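There are 2 protein chains.
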Amino acid sequence: MSVVQSAERVVLGIDIGGTNTKFGLVNDQGVVLDKGSIRTNIHKEVNDFIDALYAAVTPLLEKHLSGKALTGIGVGVPNGNFYTGTVEYAPNLPWKGVIPFGELISAKFGVPCKITNDANAAAQGEMLFGAAQGMKDFIMMTLGTGVGSGIVANGSLIYGHDGFAGELGHTIVKPGGRKHWSTGSEGSLESYASATGIAITAKKMRAEFPESMLNNYPEDAINSKTVFECASQGDAIAIEVFRYTGQKLGEALANFVMFSSPEAILLFGGVIRAGDFILNPAKLHMERNLLPIFRNKVKIIFSGLDESDAAILGASALILS
Amino acid sequence: MSVVQSAERVVLGIDIGGTNTKFGLVNDQGVVLDKGSIRTNIHKEVNDFIDALYAAVTPLLEKHLSGKALTGIGVGVPNGNFYTGTVEYAPNLPWKGVIPFGELISAKFGVPCKITNDANAAAQGEMLFGAAQGMKDFIMMTLGTGVGSGIVANGSLIYGHDGFAGELGHTIVKPGGRKHWSTGSEGSLESYASATGIAITAKKMRAEFPESMLNNYPEDAINSKTVFECASQGDAIAIEVFRYTGQKLGEALANFVMFSSPEAILLFGGVIRAGDFILNPAKLHMERNLLPIFRNKVKIIFSGLDESDAAILGASALILS
Chain A
1 MSVVQSAERV VLGIDIGGTN TKFGLVNDQG VVLDKGSIRT NIHKEVNDFI
51 DALYAAVTPL LEKHLSGKAL TGIGVGVPNG NFYTGTVEYA PNLPWKGVIP
101 FGELISAKFG VPCKITNDAN AAAQGEMLFG AAQGMKDFIM MTLGTGVGSG
151 IVANGSLIYG HDGFAGELGH TIVKPGGRKH WSTGSEGSLE SYASATGIAI
201 TAKKMRAEFP ESMLNNYPED AINSKTVFEC ASQGDAIAIE VFRYTGQKLG
251 EALANFVMFS SPEAILLFGG VIRAGDFILN PAKLHMERNL LPIFRNKVKI
301 IFSGLDESDA AILGASALIL S
Chain B
1 MSVVQSAERV VLGIDIGGTN TKFGLVNDQG VVLDKGSIRT NIHKEVNDFI
51 DALYAAVTPL LEKHLSGKAL TGIGVGVPNG NFYTGTVEYA PNLPWKGVIP
101 FGELISAKFG VPCKITNDAN AAAQGEMLFG AAQGMKDFIM MTLGTGVGSG
151 IVANGSLIYG HDGFAGELGH TIVKPGGRKH WSTGSEGSLE SYASATGIAI
201 TAKKMRAEFP ESMLNNYPED AINSKTVFEC ASQGDAIAIE VFRYTGQKLG
251 EALANFVMFS SPEAILLFGG VIRAGDFILN PAKLHMERNL LPIFRNKVKI
301 IFSGLDESDA AILGASALIL S
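For the record, the sequence lines run as chains A and B.
Position 261 of the first sequence, counted from 1, bears residue number 261 in our numbering, the numbering being contiguous throughout.
Position 116 of the second sequence, counted from 1, bears residue number 116 in our numbering, the numbering being contiguous throughout.
Any given hint might turn out to be false.
Below, in silico cross-link-like pairs of lysine-lysine (DSSO-like), each with a Cα-Cα straight-line distance of 27 Å or less [claimed, not checked]:
id	chain 1	residue 1	chain 2	residue 2
1	A	K179	B	K283
2	B	K96	A	K174
3	B	K114	A	K297
4	A	K114	B	K297
5	A	K174	B	K174
6	B	K174	A	K283
7	B	K174	A	K297
8	B	K297	A	K174
9	A	K68	A	K35
10	B	K136	B	K63
11	A	K204	B	K174
12	A	K174	B	K283
13	A	K283	A	K203
14	A	K179	B	K297
15	B	K283	B	K204
16	B	K96	A	K297
17	B	K203	A	K174
18	B	K297	A	K297
19	B	K174	A	K179
20	B	K136	A	K136
21	A	K203	B	K174
22	A	K114	A	K96
23	A	K136	B	K114
24	A	K96	B	K297
25	A	K174	B	K204
26	A	K299	B	K174
27	B	K136	B	K283
28	B	K63	A	K114
29	B	K174	B	K225
Chain B stretches covered by chain A per the calculated footprint, using a threshold of three residues with CB under 8 Å from any CB of chain A [unchecked claim]:
id	region
30	26–38
31	165–172
I should point out that these hints are in silico values taken from the structure, not numbers from a laboratory.
From a predicted model like this one, the values you see are computed outputs, not experimental measurements.
Ideal placement from N, C-alpha and C gives every residue a C-beta, glycine not left out.
Build the full structure now, drawing on both the sequences and the hints.
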């Protein structure tokens, strides 16, 4: 049994997504000692969420810390602000307005808490323990329920003047395009390249093409997983859903490359399980929209870390680093 | 007469644009002692250009340095690479391929030479002597013959892994849109928001609207200056040319803000003489495309420095800083 030694620092790393929240106890060697998860979107009040989180984490603390206090808590959360500890107007979370998230967590657990954007946390995880080790310039794209990003330039995360830099999922890839279900903006990357966006594309396309295997599923079973099943069996419409998604992603990536000229773009999250169905068109449309000086230079890499671990390790690095 | 004192360092700052090249002698107090200019685009061979530059600079050196050597030369040039000293595949310059520009200048003048992107140089000038003093996060947009940019985050210029970061003029604002006259890309910001792009828009719109005052000019007199003259006299079509330009600029700026969340965007170059005709629609379309967390936070500022001085001072800072 892994009871923690007295000199060892242990941090709780928390990764809050629109659907699920994952957490883990991490020691100062970057080892995830134990982990768990709770649902995010069933808690309409942030205090209920924090109570549920505390209830889920307590058994782990008792098991591994045997009375010793946590060193601190690091949190990756959409629209989390590193400077202020607040979560502000997060379109994919149930809690609206400005939430003093770091303070609430800190008060509940009785230890210091630092927060950042979930994608920034993932980028930090990749830089410390993953595919971005040694890189000074890279962009991390998290393609899940939403689309997040963490941007590293000159070896540092870009937070911007207010702590909110790196909202690449909300950049517009098609002016006047698809209306976003939450922000209302038209043609944002997230409205196409998130799991939510893929489901919308799939539902539209299967309605146009009755012969598609996608029509064998009930409406609420159409998601990036079922589209992948159909694509894997050769369904041309399912393949087209991913090709279209990859095109929009690639067009966006070209613009990002011409902004910060990263060595690599790391892709992360549930959507990347579609593999080459998305990656190949993304690469094609990225390259064709780049100036020649940027072509065939930028690696697109699928994250090598276990999905939940990368974000948990990254969040914990807010305290450990 | 300003003969230079022996302890004083003097640098030649050079700003190379697609049409004109400006240069100035700058002392270590940031004072421009003297300046001049030559045409860029009449020299199809880079060595001819450097000979012409040397011939134009020599009288200034003789007048101000009285035999003392220059400390060095700093150059801002489109597609100039800070890391390698090369100019690579610059779409708006007459010299194609990879040019060892820093080496050629250094060999001709016999002093060290550092180069960077012209817009990075302008950003450095604004940070040292202009409207961006004290800012750690801002974006400089140069709207001239082409559209360039310099991005500062965490107090440093972003060069990217290869030295080419900050080519925001070539980001795509309208996929499948106007074909760029040089790069061939479709719908880039430069193809709309540069002086060249404005002339194209104006020629299209005046053909559609025979009643526009723009039709009082011969084809080759249609440029951002004449469009401004017509707009100032209330010509609705000329005003619409700038409104459309401002919309495309604003849509692009929204994406840039969601990338690096700058405190301010500095606009610089001949196009900004259109003033509110472009600024107002740019602000409107930037704000409406931003997530709420970014709204009404980002200042759009016209550069306060004299146009040529900012870039010359910025280029000289490559050596002086």
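Starting from A:K114, check that the Cα of B:K297 is at most 27 Å away, please.
-> 24 Å, holds
Pair hint B:K174 and A:K297, alpha-carbon separation not exceeding 27 Å | The given pair, whose Cα atoms are some 24 Å apart, holds under the 27 Å limit.
Distance restraint between B:K203 and A:K174, which requires alpha-carbon spacing of 27 Å or less = 26 Å, holds
Given the hinted pair B:K297 and A:K174, is their alpha-carbon gap at most 27 Å?
-> With Cα atoms ~24 Å apart, B:K297 and A:K174 stay inside 27 Å; holds.
Does the structure keep B:K174 and A:K283 at a Cα separation of 27 Å or less?
-> 19 Å, holds
When you check the alpha-carbon spacing of B:K96 and A:K174, does it fall within 27 Å?
-> Violated: B:K96 and A:K174 sit about 32 Å apart, past 27 Å.
Does A:K174 pair with B:K174 here, judged by a C-alpha cut-off of 27 Å?
-> 7 Å, holds
Given the hinted pair B:K96 and A:K297, is their alpha-carbon gap at most 27 Å?
-> 20 Å, holds
For the pair supplied as a hint, A:K136 and B:K114, is the alpha-carbon distance within the 27 Å limit?
-> 22 Å, holds
Would the pair A:K299 and B:K174 pass a check requiring their Cα atoms to be no farther apart than 27 Å?
-> Holds. A:K299 to B:K174 sits at ~25 Å (cutoff 27 Å).
A:K179 and B:K283: Cα distance at most 27 Å?
-> 21 Å, holds
With a cut-off of 27 Å on the C-alpha distance, tell me whether B:K283 and B:K204 pass.
-> Answer holds: B:K283 to B:K204 is near 24 Å, not above 27 Å.
Violated hints, listed in ascending order, are 2, 10, 18, 28, 30; each of the other numbered hints is respected by the structure.
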